[in-house]
Amino acid sequence: MAAVEQVVQSEPGTGRVKMRGDNVRVYYGEKQALFDVNLDIYEREVTALIGPSGCGKSTFLRCLNRMNDVVEICRVEGSITMDGQDIYAKDVDPVHLRAQVGMVFQKPNPFPKSIYDNVAYGPRIHGLVSSKSQLDDLVEESLRKASIWEEVKDRLDAPGTGLSGGQQQRLCIARAIAVKPEVILMDEPCSALDPIATAKIEDLIHELRENYTIVIVTHSMQQAARVSQKTAFFHLGNLVEVGDTEKIFTNPEDERTQGYITGRFG
Amino acid sequence: MTDTAMTTEAIKQEERQSKIRANLKARHAAEKRFRSYGLVAIGAALLALSTLFFTIISNGASALFQTEVRMTIQLDSTLDPETMRAGDYQILIKKSLRDMFPDVARRDRKDLYAVVSNGAWYELLNHVQANPDLVGQTIEIWLPAADDVDMLMKGYIDRELPESDRRVNDQQIAWIDALVANDAIEKKFNTRLFTSGDSREPELAGFAGAAVGSFYTLLVTLALSFPIGVAAAVYLEEFAPKNKWTDLIEVNINNLAAVPSIVFGLLGLALFLNWFGLPRSAPLVGGMVLTLMTLPTIIIASRASLKSVPPSIREAALGMGASRLQVVGHHVLPLALPGMLTGTIIGMAQALGETAPLLMIGMVAFIADIPGGPTDPATVMPVQIYLWADSPERAFVERTSAAIMALLAFLIAMNLSAVLLRKRFERRW
Ligand SMILES: Nc1ncnc2c1ncn2[C@@H]1O[C@H](COP(=O)(O)OP(=O)(O)OP(=O)(O)O)[C@@H](O)[C@H]1O
Ligand SMILES: [Mg+2]
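Protein chains in written order, with UniProt numbering: chain A, 1 to 266; chain B, 1 to 429.
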């Protein structure tokens, strides 16, 4: 497989488990979407979730910041912990959790507000800054980290929805990192983008990995191979195999994984 | 593949194409027919509308003018405006008329006095009280002519009719012609129509009282129905669980929108007047009754506009750690507000034109004073139109149409603002 050679071997993370899913079962009404998923997410690493459509990647991802709470028919069982603490515990406020676990969606979804207000939104609602100049600095820092500052610095007052798709997605990443979360979840962040914009986002993920733990859902084997350190393969709601990206792509244990990454089914 | 197979395939292909072509012709014809139906329908609607406007405007335009008589009044220095009563002013007016036509026999004087409006003294009184230093002078003042004289001047009374069938007799016509010859009678812009309350005398009647009543009624309706409607819509759409109960509520709100408005009037009568003991004929109660009627409209429109906010915006805000209330307050509501306002304006326009429920709570009474607040007895524009349309005097016919014109102007302005609001705030994302 061609992608294998492209596996980037950068510095591994801290080796510490940031988030851990333990026997996670998710139901949408009567229908079970995830079956006993056990998955560790390591600090300052990129974990890629791959698998055929409908296998439950997004479902798992949305469990990590309790976005499924707002889906009325959705029920989550088992336990998910962050730094050893159960994030579904009674005393955990999902609003607080989401400040720590940010999310970037498949389709870029900037608020229909100015670029500045998009990035400033998180810090504002969480009360992270005390002065306008501090906020200005934070906005600039976030836009720089999302490598979009140069493109928008002259039009911070322009609506975020007026940017190109790739720019919008980087704006959404800037918006997510403005609250300095510990984990960033990305659900197919490049699926609506062209190859050049995709390359930019991938570069960005590399940089972000130095400070953040990232979980990314992707349909592109090459992308998983390029950006991630760990890869988890889902199939029909089961976590089939998880391990170092290099190993999954060169020497998968399960033949379903083998079949999927070589494109025999999908 | 063999040659024959290929040719049969080619023939089949040709057959298919000709079928499609034949079909295409029929489809185009159907489309043309449909378009012409549409044009006819729109044409009919426009024709009906323009007929309506034409008849109303041609009937009502003359109400914008009122015949007035120039009178010379001697205000003797012995008069004291503080103590003068209606009768005293009437005497002054009669005297002025007698001075204009000194030869009129005593028995015809009543007919002479009838040339000037019965209520003209009131305008004289106001004038003198506003300018007390006029006492001791001889003043010239334009006072309203009686409605029959006005009708004659406007050509609505046929001079050729036999005298007994005419509301203005030959003598009066002679006096009027004399006044015309002296430039002492003229049609002037009818400010009373816009500034006075209702009156039994058409020449003095105006719709200001009804307009102010409508204003207070709508104010109460808006103040109650907008916040309640929006809050209900936001709760149902953004917070309430989706279950049997919310389904039931939804069905009932839709039912409520279809309830005949008179039923709300009966409810208001039973509840607000008999039970709560609120004042009769008051815009406050009218507004409350109309709130019951407009609420479903506003709730339904608001929910539709909340639904049209893309879910991705909600997800984005939730993902940033916004609370449900913040998601709604910061993102959903601002985007849905233009739609909500449009719905509200349409609801208000309905309320403005509503008559039946207000009849039930006594807003149909004859009220000459302009209401000073939402608890004063009042009537509203459509009820005023109803009252005038019911009056026998010919002069009320044109005033009815004029009031309809005013009401329509308000309705058009409201609907226009709804359209502009939508255009102005329409967002793309
Ligand atoms: N809101 C929902 N209500 C009901 N069922 C749902 C809902 N969301 C997801 N599902 C079901 O759960 C299963 C997993 O869906 P999920 O979105 O997690 O798949 P996915 O792996 O992300 O697929 P894709 O790659 O197409 O995005 C699917 O069978 C889907 O139909
Ligand atoms: Mg998905």
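Think of the hints as simulated: they come from the structure by calculation, not from any bench. As the structure is a prediction and not an experimental result, all values here were calculated from the model. One or more hints might be untrue.
[Said to hold, decoys possible] Below are the DSBU-like pairs computed for lysine-lysine, each with C-alpha atoms no more than 35 angstroms apart in a straight line:
{"hint": "1", "chain 1": "A", "residue 1": "153", "chain 2": "A", "residue 2": "180"}
{"hint": "2", "chain 1": "A", "residue 1": "113", "chain 2": "B", "residue 2": "187"}
{"hint": "3", "chain 1": "A", "residue 1": "200", "chain 2": "A", "residue 2": "132"}
{"hint": "4", "chain 1": "A", "residue 1": "145", "chain 2": "A", "residue 2": "31"}
{"hint": "5", "chain 1": "B", "residue 1": "242", "chain 2": "B", "residue 2": "307"}
{"hint": "6", "chain 1": "A", "residue 1": "107", "chain 2": "A", "residue 2": "145"}
{"hint": "7", "chain 1": "A", "residue 1": "107", "chain 2": "B", "residue 2": "94"}
{"hint": "8", "chain 1": "A", "residue 1": "31", "chain 2": "B", "residue 2": "423"}
{"hint": "9", "chain 1": "A", "residue 1": "107", "chain 2": "A", "residue 2": "180"}
{"hint": "10", "chain 1": "B", "residue 1": "187", "chain 2": "B", "residue 2": "154"}
{"hint": "11", "chain 1": "A", "residue 1": "31", "chain 2": "A", "residue 2": "132"}
{"hint": "12", "chain 1": "B", "residue 1": "307", "chain 2": "A", "residue 2": "107"}
{"hint": "13", "chain 1": "A", "residue 1": "153", "chain 2": "B", "residue 2": "423"}
{"hint": "14", "chain 1": "A", "residue 1": "153", "chain 2": "A", "residue 2": "113"}
{"hint": "15", "chain 1": "B", "residue 1": "242", "chain 2": "A", "residue 2": "90"}
{"hint": "16", "chain 1": "A", "residue 1": "247", "chain 2": "A", "residue 2": "31"}
{"hint": "17", "chain 1": "A", "residue 1": "180", "chain 2": "B", "residue 2": "307"}
{"hint": "18", "chain 1": "B", "residue 1": "423", "chain 2": "A", "residue 2": "132"}
{"hint": "19", "chain 1": "B", "residue 1": "307", "chain 2": "A", "residue 2": "90"}
{"hint": "20", "chain 1": "A", "residue 1": "132", "chain 2": "A", "residue 2": "107"}
{"hint": "21", "chain 1": "A", "residue 1": "31", "chain 2": "B", "residue 2": "244"}
{"hint": "22", "chain 1": "B", "residue 1": "187", "chain 2": "A", "residue 2": "107"}
{"hint": "23", "chain 1": "B", "residue 1": "423", "chain 2": "A", "residue 2": "113"}
{"hint": "24", "chain 1": "A", "residue 1": "90", "chain 2": "A", "residue 2": "153"}
{"hint": "25", "chain 1": "A", "residue 1": "90", "chain 2": "B", "residue 2": "154"}
{"hint": "26", "chain 1": "A", "residue 1": "180", "chain 2": "A", "residue 2": "200"}
{"hint": "27", "chain 1": "B", "residue 1": "242", "chain 2": "A", "residue 2": "113"}
{"hint": "28", "chain 1": "B", "residue 1": "242", "chain 2": "B", "residue 2": "110"}
{"hint": "29", "chain 1": "A", "residue 1": "180", "chain 2": "A", "residue 2": "90"}
{"hint": "30", "chain 1": "B", "residue 1": "242", "chain 2": "A", "residue 2": "107"}
{"hint": "31", "chain 1": "B", "residue 1": "307", "chain 2": "B", "residue 2": "423"}
{"hint": "32", "chain 1": "B", "residue 1": "187", "chain 2": "A", "residue 2": "31"}
Now for the hints, and whether the structure bears them out:
1. A:153 <-> A:180: Roughly 21 angstroms between the alpha carbons, so the hint for residue 153 of chain A and residue 180 of chain A holds.
2. A:113 <-> B:187: Distance ~58 angstroms between residue 113 of chain A and residue 187 of chain B Cα, so the pair is violated.
3. A:200 <-> A:132: Since the Cα atoms of residue 200 of chain A and residue 132 of chain A sit roughly 30 angstroms apart, the hinted pair holds (cutoff 35 angstroms).
4. A:145 <-> A:31: 41 angstroms, violated
5. B:242 <-> B:307: 14 angstroms, holds
6. A:107 <-> A:145: Judged against 35 angstroms, a Cα distance of about 20 angstroms means the pair holds.
7. A:107 <-> B:94: 85 angstroms, violated
8. A:31 <-> B:423: Given pair residue 31 of chain A, residue 423 of chain B is violated - Cα atoms ~44 angstroms apart, limit 35 angstroms.
9. A:107 <-> A:180: Roughly 22 angstroms between the alpha carbons, so the hint for residue 107 of chain A and residue 180 of chain A holds.
10. B:187 <-> B:154: Between residue 187 of chain B and residue 154 of chain B the Cα gap is close to 9 angstroms, so the pair holds against 35 angstroms.
11. A:31 <-> A:132: 49 angstroms, violated
12. B:307 <-> A:107: 19 angstroms, holds
13. A:153 <-> B:423: 30 angstroms, holds
14. A:153 <-> A:113: 16 angstroms, holds
15. B:242 <-> A:90: The given pair, whose Cα atoms are some 23 angstroms apart, holds under the 35 angstroms limit.
16. A:247 <-> A:31: Roughly 33 angstroms between the alpha carbons, so the hint for residue 247 of chain A and residue 31 of chain A holds.
17. A:180 <-> B:307: Measuring from Cα to Cα gives roughly 32 angstroms; hence the hint holds.
18. B:423 <-> A:132: 34 angstroms, holds
19. B:307 <-> A:90: 31 angstroms, holds
20. A:132 <-> A:107: 30 angstroms, holds
21. A:31 <-> B:244: Given that 35 angstroms is the threshold and the Cα spacing comes to 21 angstroms, the pair holds.
22. B:187 <-> A:107: Distance of about 70 angstroms is beyond 35 angstroms: violated.
23. B:423 <-> A:113: 18 angstroms, holds
24. A:90 <-> A:153: This hinted pair is violated, its Cα atoms lying about 42 angstroms apart.
25. A:90 <-> B:154: Distance of about 83 angstroms is beyond 35 angstroms: violated.
26. A:180 <-> A:200: Holds, at about 21 angstroms.
27. B:242 <-> A:113: 30 angstroms, holds
28. B:242 <-> B:110: 77 angstroms, violated
29. A:180 <-> A:90: Within the cut-off at roughly 24 angstroms; holds.
30. B:242 <-> A:107: Status holds; Cα separation ~26 angstroms.
31. B:307 <-> B:423: Given that 35 angstroms is the threshold and the Cα spacing comes to 19 angstroms, the pair holds.
32. B:187 <-> A:31: Measuring from Cα to Cα gives roughly 82 angstroms; hence the hint is violated.
Comparing the model with each earlier hint shows violations of hints 2, 4, 7, 8, 11, 22, 24, 25, 28 and 32; every other hint is respected.
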